[in-house]
Amino acid sequence: MSLPLARNDLGVKRLAPALPSRGFLRLSPINQRRFANFKAHRRGFWSLWIFLIFFVASLGAEFIANDRPLIVSYKGEILFPVFHNYPEDKFGGFLAETDYRDEVIAKEINDNGWMIWPPIRYSYQTINRQLPTPAPSPPTWMLSKAQCESAAKRFGGHNQDKGCDAIEWNWLGTDDQGRDVLARLIYGFRLSILFGLALAGISSAIGITAGAVQGYFGGWTDLISQRVIEIWSSLPHLYLLIIISSIITPSFFVLLGILLLFSWVSLVPVVRAEFLRTRNFEYVNAARALGLTNARIIFKHVLPNAMVATLTFLPFVLNGSITTLTALDFLGFGLPPGSPSLGELLLQGKSNLQAPWLGLTGFAVIAAMLSLLVFIGEAVRDAFDPRKTGR
Amino acid sequence: MPFVSDQPLLTVRDLSVTFTQGDAKTLAVDGVSFSLEPGRTLALVGESGSGKSVTALSIVRLLAQGVAPQGQVLFKGEDLLTCSEEQLRAIRGDAITMVFQEPMTSLNPLHSIERQIGEILELHGLCRGAAKIRARVIELLEEVGIPNPEERLSAYPHQLSGGQRQRVMIAMALANRPDLFIADEPTTALDVTVQAQILELLKTLQKRHGMAMLFITHDLGIVRKIADDVAVMQKGRIVEANKVGEIFAAPQHPYTKALIAAEPKGSPPATDLSAPTIVEADDIRVWFPIKRGFLRKTVGHVKAVDGVSLTVREGQTVGVVGESGSGKTTLGLALLRLIRSQGNIAFLGQRIDGLQSAAMRPYRRDMQIVFQDPYGSLSPRLSVGDIVAEGLGVQNRALPVAERREIVARALADTGLDPAALDRYPHEFSGGQRQRIAIARAMVLEPKFIVLDEPTSALDMSVQAQIVDLLRDLQKRRGLAYLFISHDLKVVRALASEIIVMRQGKVVEAGPARNILKEPRSDYTRALFAAAFDIKVEAAAALDQ
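Residue numbers (this note's numbering), protein chains in the order written: chain A, 10 to 400; chain B, 112 to 656.
Next up, chain B with everything else stripped away, as it sits in the complex (with noise of 0.2 Å):
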């Protein structure tokens, strides 16, 4: 039902959303204004907690109780923020339909994939009769490009990968033929590879159907790929709002100005085949025994690493590349002897391989590790100060109190924090302040090796460029050997100066950075870099959903 009229087909003006708790008031959108026409996509980008999701879910009046938005949100010229609750109802899953995040939690366990699809046609009341629904649920599937699906049918949401949920879900908000589709973060939680073909399917799918689209993201990078029209939002308000082409071409906030120059920058220092070895390893495997049966007999392995070699060099820089369940973290973990792997392992010329837990003591203080979630990575009852100070307790046990809190502030210092801070929990950071805790962590015993286990992945745009210069500055001023594991290519290739491709726990491609940039030789990593640098799909059949 495309919706004719000279008015835009939704109309956002002083949207206001105040959050209380306690006594204290948080101003999470403050006063946004903007309009979207049909068949147009209209982006919101932003950094975490600039107000993008709150707004999108005060379109259809999906926040927490007690929360009233205040404004106007005119939709085919009715306001959904005055109107009743049955009307929204009729509206939302209609008329107006959204994709969230997370595709492992925003389909319900329970049910079957036919089930879910069919319960929205059912209530919107478009489609009747059992067969009549099943039609159209193949049908849905099939347009957002399921293999097979008739058989796919009756599969639970466990039994699909990633992007076949989030396909699911968009099969799912597709259903009624909206007007509006609201996608918020859809492809962030999904392999680079993925999300080429996400983006790809909402684009064709919005110029088959002509709906507008709400695009909320953080990526620049997928702004550029999908949008029409883009709205910067900082701090719950818009900063700017302007044509695609014109915001790329001539930024005019300060912000966006920073934001559009907050690209991983730099390069990482030249491949040198003479620098001394750190780490050694030689076929590593990593196989965990399927168990089957009553005798819980071994009848195969998943083979997170399958025979992986690598040479870590002081003050170089090792990434390891691959899409998620290729084995990355699993590799930085037997490196670091944090879980049980076959296969040579030498640090510093000494074989550390069948150590147990306290001879690997010694070593710990020269190796080291930084995780991809710094709100997991760091114990919410101990205070910074305890936190960094933790292996120095262990490795040094006569450091007098004062000259650990001393060591701990020199730390923070150097990984740009606030020497203040170490009397504060974790939770009062920011995720890029607290990756910065857990690099301090990582370095206040000066180890000679890290393994860098995503650490920019769950951080902002701009974030992740200063932790990238970061990490190089320390790695220049320290001589330090990194293991940089990573989905983000664009990040690697500003840290990287060797290059491991991994796919299934085997190694794709490996070589220096520069060579296998320019020229990758297998299609899986030509597929990848594609997927990274373009958003691209790759006509390469080596890629699965």
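Next up, chain A with everything else stripped away, as it sits in the complex (with noise of 0.2 Å):
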């Protein structure tokens, strides 16, 4: 079909307000309010800052807290035992993998070079083999002197008279299998919120295309698909997931795909309610005047005022699929031993109340890393409201 409007080529003056600047992120006028109405919003933005500082400083956990160097020099050669895994008779041992902690691979090394470590010199699995006290061990600073010094003897280390200074540091203390605490949260961390968001993330997707479909086409298929859901969820969601892994090893992706079956029908009925609300909307009925086609109408007019709600309820989404990766751990059925985990470290401070800062370490971060997630979806939901034009 011909366009009869663009008369622009007659030479006339344009009308058109020039599309604006964009700064740094290229962000439309529109987005750059959304944005400055989260900004507005300071509680959520400054969450939104902890969080980002956390998440990305756990995104690099093997720089932060590792039992390898981040950079060796042995015999003028420069090594990245960080990314690569050295059998360990290059320095002159036996062990498919080396190492670095055993004194005398770490003295062979200091001895024909050096090495730079992580500041925390424990991976989530490292076993702390010189514990000062039996494990579950305290943080270092708890410990007295005397405790200390003790250890220090035992395990034969240069600096005896430095009190605590003497032996490694473990600042939250270790775990019943004398791991360190700290580095095993650094990890955990990282693990629960990939895990939150990637269930959050593809949960929400499948949930609002079927609310979407559901609420915009009404009718038959609204019926059929909420009896479906209705059976579906009244599964128990607990007892299967016992059973599968009971059969199949629960990994990272085995839980993501297991959880996924149920937790997608979380946000139907809140996507459905506003789908049949709005799709009666005349703005709806304009949008079909002008010949759109349905999924258009419904990504494009419905959905965007769908979204407070939907966005109100996403960020307990996130948080819930987080508490029930926790939950499985706690409960032995999530990830496979060994893994790092808060939900293992909660149950490690449940049968071992006589060292209190395994359950309040992890008390602690669950509850901080909830609450952040929840300010930060409060301030994203407030960006999104067009009536809120900052305060």
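These aren't lab readings, by the way, just hints derived from the structure by calculation.
Virtual Cβ for every residue (Gly too), placed ideally from N, Cα, C.
Among the hints, a few may not be true.
[Said to hold, decoys possible] Here are some, though not all, of the chain B residues that point toward chain A, as calculated from beta-carbon distances under 8 Å:
(1) Arg472
(2) Arg476
(3) Gly487
(4) Ser490
(5) Glu501
(6) Val505
(7) Val519
(8) Leu533
Two chains, two frames, a set of hints: combine them into the complex.
Rendered as structure tokens:
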């Protein structure tokens, strides 16, 4: 069809305001306003920064807490143990993987070069073999001087008169297998967040689509899908999980898949209700009159207006995902043994009440993480509300 | 209890109301003063947002919490703004009563009307004992003209029509023989014929009981009919106050002059039978099945549109008039194939009934619709530019973004909006501006046929006139064919060259506008015109409640 409206070639002066110059992020004016609204929500904005710092830091967990040095110079050769497995015979040992914490190897390397270590010399599964007290061992700063000195003496440290500085620090103590709690926290935080984001992302994509289709088309589509969902969501999730995890070893992705089977349902009723309400609005009729396809009406006209309810719900879905994983680990049906997991930390806290640092750290980290996510979600919701024009 | 004194019944002195939202303060009412004597009617006139309703609500301190009106409201010598909440409660519903605009939501849907009216009587203790209260309720219902009041006692609000509900509200307001009756746009939500009846009723009741009435409206026709004194409000101030005759004869303030001049004027293009036909519809029927029983058998039909035929020609307007529920909107939607219908529809000579939605898409650019409610018809989450550009994207995918913006800007400029508004959200615009955006959205595709579904009813008078001018101007420039649906006959008179009068889905009368307006043939049309143009109740049995 010809387009009668393109009259620009007639040399008429342009009427449209120039597209505003876009800043660093190339945001459209509307998104700029959304960003300004987001920033105006101080608590959410700061929560986002704090969360991002921790999250990005935990993404590089290998560089913060690891039982291998970052860089090793050995006999004039520069090695990167973080990225590469070197067999121990390279340094005169016999293991398939080098244990850089082993005193003989460390001495060999230091005699023939140098090592740069990450700030924490434990990985999530490194066992501290020089515990000052039987595991679980309290944070080093909680130890008395006598305890430290006796430990230093026992393991033959060099500076036995320096008190607790003579032994390697465990900032948050160790768990009941002698593993450093801080290192496990960093790895566990990363795992929880990634798992939560993946689960929340995929399940809301499925849930929003299902809810949108049901609400928008209504009638038989809605009726049948609602019944299917009712039956589906009344299946006993936990028992199924337990049965499945006794057949296949639950890895990250297996757990993600199993939880996904049930978690997508949670967003459906909210989105469906919003769509049922919105689909009769006149602007939807107007869009139909313009000849728009159903898919376009759903995604461009109805969905944005159903977004406040959805966004309000989203932080809870994300938190729910994280909590589910934690709960499964706590019950022992989660990730394989040895994985860094916040739920496992809580479980240890429960079974070792004499070591309160386990339970307390686990609680504090989970509470802080969940609160930060809820605050961020709150700010995002405000940002997308068109009636809000900052404060 | 008539109030005998030489002072006025109600004196409002220097009333100001400020709304605070965040740091922003809005002065909704700014130093308003007036007085009202027993037995007289004062009309507060102004456009929406001028502070009329806020003024009325602050008299009985019914504003939202935390909003404190400043000034003085003396009722029988007592300052209502400083007296205690208990004293106020005794006055509200007793000496001062109110009727609100929306009859659909001002009655409690879970209580029978006997209970709702009886509650007021009981609360203020004028009537004791169930039998006495019942007798008084029946008396009141009779007074406000509800037929067979004994049988209606146990009716629930949803069983009553809009006009009847408003009558029940008035009965509640009259229950304790108030001295001051505040009516906040009591007829705006009603059909013209019902509006005329309600106004008539209010006038007789006022005369009979000698109460003072504060009447809030935006409709000058009603003011002329009912008021003794008029106060014109603009932006929270009273700009002019006078006797009703003098206001209309010699308005002083420019705003009053503008308001009075705001009635839709101008005449439609003459009927031209030789103009090419755009839309031709024959025997259109939209029947909704009524299903009953376990097997959902169809036992009958609601005939929303029942055998309507019409022809819309290029550059001409067909006006469809009728009360609410007469099937006007359904007819418009059926012509655009937005709901299922039977009967032939030909668009530019092509049969379009029976086409699937994908097959309809090429036709959509030539046929558009503008809806009644400018607040509901624009998606609040899209910018104005996106809203108007939406159709362009569907009809021409290859259009570059910059080009599209330019076309949208032109369409906005054509409808009298600043193109710089492109990147703003609809909620930042007034009702009239939003309706312009909706018109721009329809116009941007350069359609040949537009269904205008009450495009002016949600707007203020002065804005109505502007929109009517805009529509006529666009029609003249582009040779558009309009189907103009409205219950507002003044607007139809200004736009339509042909008129179809509908009632309960059927055509009562159809023909050239000039003939029908001059000499309507059916009783129904005559009653409709009397109610619309003179706000008079025609004694035609043809009208329902």
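Quick rundown of the hints versus the structure:
A distance limit of 8 Å between C-beta atoms decides the matter here; for Arg472/B the minimum to chain A is near 4 Å, and the interface restraint holds. This hint holds: Arg476/B has a C-beta 7 Å from the nearest C-beta of chain A, less than the 8 Å allowed. The interface hint given for Gly487/B is met, as the beta carbon of that residue sits about 4 Å from the closest beta carbon of chain A, less than 8 Å. For Ser490/B, the interface hint holds, the least distance from its beta-carbon to any beta-carbon of chain A being 4 Å, beneath 8 Å.
Interface hint at Glu501/B: satisfied, since its Cβ lies 6 Å from the closest Cβ of chain A, which is below the 8 Å cut-off. Among the interface hints, the one on Val505/B holds; its C-beta lies about 5 Å from the nearest C-beta in chain A, closer than the 8 Å criterion. Because the smallest distance between the Cβ of Val519/B and any Cβ of chain A comes to about 7 Å, under 8 Å, the interface hint for this residue holds. About 6 Å separates the beta-carbon of Leu533/B from the nearest beta-carbon of chain A, less than 8 Å, and the hint is met.
In summary, the structure agrees with every hint in the numbered list given earlier.
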